[in-house]
Amino acid sequence: MPGGYAMRELLGGAKAIVASTKKVGGPGTRLDVPVTHIHASYVRSHFDAMEVGVNDAPRADEILLALVMTTGGRIHARVGGLKAGEIKGEDGLR
Amino acid sequence: MKARIRKIATFLEETQREMDRQVSPPTRRAAAVAVIENPLAGRYSEDLSELMAIGEELGELLTARAVAALGIAGPSAESYGKAAAVGENGELEHAAAILHPKLGTPVRRVLGKGAALIPSSKKRGGMGVVLDIPLGHKDAAFVRSHFDGMEVRLNDAPRANEIMVAIAVTDSGRPLARVGGLTKDQIKGEDGLR
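Protein chains in written order, with our numbering: chain Z, 1 to 94; chain P, 1001 to 1194.
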């Protein structure tokens, strides 16, 4: 999405696809924003999500848009897989 | 079966009209959710292999349920996603152990292919927590018409010692998709991205 390119530029050449989700909902709807590593989608310690919501939004003629960024992966991550230290950073996947 | 399942719920949505326009064919998506006992609730365990094995079982079971709800053959599925909500005595890493190491292989086996990463989300929450399952095209993550999400919720789950595990499958993208980008007939299907 166009928004993704602006985000990548600000973060300094992030290569991975920006994980996303969308829904239609009323005021107070909760949104789980999926989170992955910015340089390599397969980094397993960084598969995560953050729940956000605003009690009075979105109203009928509004859109609630959320971007999430982190400075680390999950706490006590220990399910193996590709590690952040192993990123090649070429294809956005590994 | 390693998983101790309390309940399985299946959700099927079919959108026929949007903004007073016919959606033809209707977009359809299904989610299957299992509520299981968390064998590691309330204690720290370095070894999460028990949950990984449960993930492998649920990958097959829930994908088969979702595909059956859609009434399609596995290979006709277009997009997919996965998510888990851990009850209050569990750890976010318990959701990771179920979702990431072993769940994907049986999902792809049921669907025939699946070159793209299965988009996911996870959280901890109480009974009635809302879980958004992200959706992306199963063979090419950049197919723009198929970036979506499906919300599921069970009023009585997850209890404190339970985990709610969800898999969503569709046979279509968003209703009236029109923001350009890679389309599904342009998929090369080699790298999982395009």
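Derived by calculation from the structure, the hints in this document are not laboratory data.
Mixed in with the good hints there might be a few duds.
List time: in silico DMTMM-like cross-link candidates among lysine to aspartate or glutamate, alpha-carbon distance up to 20 angstroms [said to hold, decoys possible]:
(1) Z/LYS23 x P/GLU1013
(2) P/LYS1113 x P/GLU1014
(3) Z/LYS23 x P/GLU1014
Hint-by-hint comparison with the structure:
no., hint, in the structure
1, Z/LYS23 x P/GLU1013, "13 angstroms, holds"
2, P/LYS1113 x P/GLU1014, "24 angstroms, violated"
3, Z/LYS23 x P/GLU1014, "15 angstroms, holds"
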